[in-house]
Amino acid sequence: MPISLGDLASRFGCELIGDPDALVSDVASLQNAGPKSLSFLSGSAYLTELPKTKAAAVILRKQDAASCPVNAFLSEQPYAMYARMAAIVCPEPVLPPGIHASAIIASSAIVAPSAHIAANVVISDRVRVGENTAIGAGSVIGPDCELGRDCHLVANVTLVKRVKIANHCVIHPGVVIGADGFGNAMTPEGWVKVPQLGGVIIGNDVEIGANTTIDCGAIGDTVIDDGVRLDNLVMIAHNVKVGAHTALAGMTGIAGSTTIGKRCMFAGQGGAVGHITICDDVIVAAKSFISKDITEPGTYAASFPAENAKSWAKQVARFRRLGSLIDRVKKLEK
Amino acid sequence: MPISLGDLASRFGCELIGDPDALVSDVASLQNAGPKSLSFLSGSAYLTELPKTKAAAVILRKQDAASCPVNAFLSEQPYAMYARMAAIVCPEPVLPPGIHASAIIASSAIVAPSAHIAANVVISDRVRVGENTAIGAGSVIGPDCELGRDCHLVANVTLVKRVKIANHCVIHPGVVIGADGFGNAMTPEGWVKVPQLGGVIIGNDVEIGANTTIDCGAIGDTVIDDGVRLDNLVMIAHNVKVGAHTALAGMTGIAGSTTIGKRCMFAGQGGAVGHITICDDVIVAAKSFISKDITEPGTYAASFPAENAKSWAKQVARFRRLGSLIDRVKKLEK
Amino acid sequence: MPISLGDLASRFGCELIGDPDALVSDVASLQNAGPKSLSFLSGSAYLTELPKTKAAAVILRKQDAASCPVNAFLSEQPYAMYARMAAIVCPEPVLPPGIHASAIIASSAIVAPSAHIAANVVISDRVRVGENTAIGAGSVIGPDCELGRDCHLVANVTLVKRVKIANHCVIHPGVVIGADGFGNAMTPEGWVKVPQLGGVIIGNDVEIGANTTIDCGAIGDTVIDDGVRLDNLVMIAHNVKVGAHTALAGMTGIAGSTTIGKRCMFAGQGGAVGHITICDDVIVAAKSFISKDITEPGTYAASFPAENAKSWAKQVARFRRLGSLIDRVKKLEK
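Chains as they are written, first to last, in the working numbering: chain A, 1 to 334; chain B, 335 to 668; chain C, 669 to 1002.
A couple of the hints might just be wrong.
[Claimed, not checked] Now the stretches of chain B that chain C is said to cover, found in silico as 3 or more residues with beta-carbon under 8 Å: (1) 633-641; (2) 658-668.
[Stated by the list, open to error] Computed footprint of chain C on chain B, listed as stretches where at least three residues anywhere in the stretch have a Cβ under 8 Å from a Cβ of chain C: (3) 506-518; (4) 566-580.
[As the list claims (entries may be wrong)] In silico DSSO-like pairs for lysine-lysine, Cα to Cα no more than 30 Å straight-line: (5) B:596 to B:498; (6) A:331 to B:665; (7) B:664 to C:998; (8) C:978 to A:314; (9) C:960 to A:52; (10) B:575 to C:722; (11) A:330 to B:644; (12) C:978 to B:664; (13) A:310 to C:960; (14) B:626 to C:720; (15) B:370 to A:241; (16) A:193 to B:370; (17) C:978 to B:596; (18) C:909 to A:54; (19) C:722 to B:498.
No lab work stands behind these hints: they were computed from the structure. The C-beta atom is built at its ideal place from N, Cα and C for all residues, glycine as well.
Please work from the sequences and hints to get the whole structure.
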């Protein structure tokens, strides 16, 4: 829906250089922007595109404004400002209140009148669904789950049991929350399953990517704090605690009973072993895993970037001869 | 449901020191236990909590009994004993026999009268479902699948085709069993799909974690033996054999036609390449992968725990200069 | 269905040595083949099985024909020829045209009369489904998706929004295409979600494995080109481009905005960081990840195969002392 630059400027308290009556109706990259597009420049990587852009307006830092050939929004955080304005220019479709005729809802469940329950949703005993929350098609909500207001379970989401989700959360398809953790006691006759009796508690403004799994606690709960972002195919084991505003990129796995601090970031395919504590403000590099408590904020890494396979094979061979190399140096020292 | 310590003691043949008439109705950690809680002490990590616990009873080893301020169950395997007692104190809800009105069941399928078929389940041609087996909401059971007795498919499980599951298995949401394996023949015109014509055979007492996938065999079957435990987001490729009582932790991947022995354990994000054989009693460390046959039981590893990223970068640089270091040592030796 | 060797030979223009009237009705390995089985020998690994096989016919290279005790098809690509013949000998079951009574289809959707829409499928607004395309039970097709002809969504597939799939594609259960990418702008108050406004474009003859996820673009589309093969539990982030005939094995993850060339292959648990370009004909070894642009075709690696954990621990300790070893060599050189 077309909105004027002046409206956007006043809504977000953002300085506008240019025509407040100009309209935007979509968003685009600097290169692909048309005369109704809102665009942004957040780093220097695309600076050369700026003078050529045909956007209606560009969100950028003050120091880049001189090179901007079109209307400019000035912001110290152009990417965040873009995120907020884009949500207005290209709003999510509104899902109407009501329960689809095919949805199956336990009589003990309480669903807010403003909630949207889509086709083939199954809602079990004692579930509560808050105001304006939307549950997408094919989702299964098991017993004793609670969903706050303004949440969106996109489709085919499974909340198994005892999952409490606060407000403004987005849960993408294929996510499974509250399945049994991997609790097994070894005996001479084989594994004995350890009952998984806890739940999962998820804070406000959490987003959970497609096909991610979060297990219920064994005793006590698994906890995902406010503002956490989990990407796709992430695994959160039983009794893990993820601190507020922490972001875990795709395919990261956190083993059981580990506690992660606030504002941490794991790059893709990262991991952490179980039963450790990672402090606030820790960054973990791609494909790296944390094996013990981390008490100092900072960046941690343990992965090798790929190189030519033949030269890598030589490197591995040299690595394997390190012991004999050390011996040779010892001999030389004598 | 409250149960007396005496009942638990006699049911499991477990020695009780204390009041046989005392009741437990929940389970808890030593620290959080209340006067009706059953708790346990399995290692030394929580020994300092023992004297302060308010539990009704604690399951522990004989040597720890002296420090126990409350009733004590003596067991050489306190964690396994806890697992068994917890299943009695906090039993799974019973799912009533019957087929939900919304379930869609092929006329050639045979469903035992005691089976529980939940809402929106789809059961295809020639499927058999055994006594007391429960199939949770949204699950799809493809043609020619067989489920034994006392199995539980929690919800949104997909058995694609030709999947045979024995008795007492638990399959968590999002699991896909029997999808086509990754069989592709390269030609100058691109990949040609190789038909995947086998099935999947799963033994007794197997548990499979959320969003795990097990592919059907290309020719012949993929086999998961009795007592195997697969965590979440595990991948089992076509024609893999997993031996009895082996446990694969989260995000482990086993490539095609590999055979894993009995009682093996893979830690998280582990892996094995295809077409190899791993003997019984092999343990694989976190994020490590097996590249060739393993014939000796034992522990195998190949991962670096993360360290400070700057010091790691220096290590990687030193690693890359290993060749020149070896040359320098050679020169010194001359 | 039984088919004569002569029929197969003429259908595929394949030279037959032996009886054209002999029939095959199944496929099997050389070892397990019976008198109606079609088998193949593609490498030298199973050459010793050839003289003992009881197959009706074996597809093999000319140079192996002398050792073949039964009818022989001669092909320079025996595995690809097997793939094509097996699809005739053991055809996929035909899914009849029509829409199951339980399917829920938006009035603005257009479904071809020859399409097969299974039980509990949900099809949203403005969706188009092409001729002979089959959508399996429990699948959810979100708004503005388009499916070409002869596609097969096996079951429980989720296309979220704006997903365009061309012809002859196979999508396995649990796949999620078009979910929001992991777009978050950091602010002092926490993460702000960046609206994900693009779509996903998938070419012809693409196969996508179980529980794989492909996110929609942030601005612009995520693109999977013709003939691409994605295995299970693969993650394709927003705005990735995967070139034609590229194959990504299980658990591979490609981070946002990365472009992969044609005919690339990633082994299992591989990866690539975001915002890089990988040229055509690149092979990436198991568990390895690409951290920067690749401009030369070839094989790239960066993983260590697992070894005995004690010897590995010693290697890691030696690796950690590399700095002091370098210092010692420096001292010796002085």
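With the threshold set at 30 Å, check whether the alpha-carbon distance from residue 909 of chain C to residue 54 of chain A stays at or below it. holds (25 Å)
Regarding the pair residue 978 of chain C and residue 314 of chain A, is the alpha-carbon distance no greater than 30 Å? Judged against 30 Å, a Cα distance of about 22 Å means the pair holds.
Can the stretch 658-668 of chain B be counted as covered by chain C under the rule of three residues or more with Cβ-Cβ separation shorter than 8 Å? Holds: 4 residues of the stretch 658-668 of chain B have a Cβ under 8 Å from chain C.
Residue 596 of chain B and residue 498 of chain B were given as a pair; does the straight-line alpha-carbon distance stay at or below 30 Å? holds (20 Å)
Can you tell me if the stretch 566-580 of chain B counts as covered by chain C, using C-beta to C-beta distances under 8 Å and a minimum of three residues? holds (count 3)
Residue 960 of chain C and residue 52 of chain A: Cα distance at most 30 Å? Within the cut-off at roughly 28 Å; holds.
Is the Cα-Cα distance between residue 722 of chain C and residue 498 of chain B 30 Å or less? holds (28 Å)
Hinted pair, alpha-carbon criterion (30 Å max): residue 664 of chain B, residue 998 of chain C. Please report holds or violated. Since the Cα atoms of residue 664 of chain B and residue 998 of chain C sit roughly 13 Å apart, the hinted pair holds (cutoff 30 Å).
Pair hint residue 575 of chain B and residue 722 of chain C, alpha-carbon separation not exceeding 30 Å: holds (25 Å)
Is the coverage entry for the stretch 633-641 of chain B by chain C consistent with the three-residue Cβ rule at 8 Å? holds (count 6)
Given the hinted pair residue 193 of chain A and residue 370 of chain B, is their alpha-carbon gap at most 30 Å? Status holds; Cα separation ~23 Å.
Three or more residues of the stretch 506-518 of chain B near chain C by CB distance under 8 Å? holds (count 7)
Hint check: no violations occur; every hint is consistent with the structure.
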